[in-house]
Amino acid sequence: MVMTRPGQALPEDPALQAFLSSRLVDEPEALRRSPGGTVIRLPVTQLEISSTGIRHLIGAGESPRFLLPDEVLRLIERHQIYRN
Numbered sequence: 001m002v003m004t005r006p007g008q009a010l011p012e013d014p015a016l017q018a019f020l021s022s023r024l025v026d027e028p029e030a031l032r033r034s035p036g037g038t039v040i041r042l043p044v045t046q047l048e049i050s051s052t053g054i055r056h057l058i059g060a061g062e063s064p065r066f067l068l069p070d071e072v073l074r075l076i077e078r079h080q081i082y083r084n
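Each residue of the sequence shown is one higher than the one before, counting from 1 in UniProt numbering.
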């Protein structure tokens, strides 16, 4: 599966493009028929998440829940990290 980061595009590298074009499939079902060597691009809702943004949320008393793994959030809360 190929995904890009918000604001980023895949490199225009000819070798990468050749690799992808020879292995790219359009339907998820094609991955089941050929479990190795195929690539699919799927649309996903991308969130622009940054450590700076998370620190600002916590500093403002807001919850960064769903932006962090639960265990990381518990550690931040337990040690009161990033609180003003």
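Any given hint might turn out to be false.
Listed next, with one range per pair, are the computed distances between beta-carbon atoms [as the list claims (entries may be wrong)]:
#1 L24 <-> E77: 41 to 49 Å
#2 G61 <-> A15: 47 to 55 Å
#3 P14 <-> S34: 41 to 49 Å
#4 A15 <-> L67: 32 to 40 Å
#5 P69 <-> L24: 43 to 51 Å
#6 Q80 <-> A9: 13 to 21 Å
#7 S22 <-> E62: 24 to 32 Å
#8 L42 <-> R65: 40 to 48 Å
Derived by calculation from the structure, the hints in this document are not laboratory data. C-beta: ideal position from N, C-alpha, C; glycine also.
Outcome of the hint check:
no.	hint	verdict
1	L24 <-> E77: 41 to 49 Å	43 Å, holds
2	G61 <-> A15: 47 to 55 Å	49 Å, holds
3	P14 <-> S34: 41 to 49 Å	24 Å, violated
4	A15 <-> L67: 32 to 40 Å	35 Å, holds
5	P69 <-> L24: 43 to 51 Å	31 Å, violated
6	Q80 <-> A9: 13 to 21 Å	40 Å, violated
7	S22 <-> E62: 24 to 32 Å	47 Å, violated
8	L42 <-> R65: 40 to 48 Å	25 Å, violated
Taken one by one, the earlier hints fail for this structure at numbers 3, 5, 6, 7, 8, listed in ascending order.
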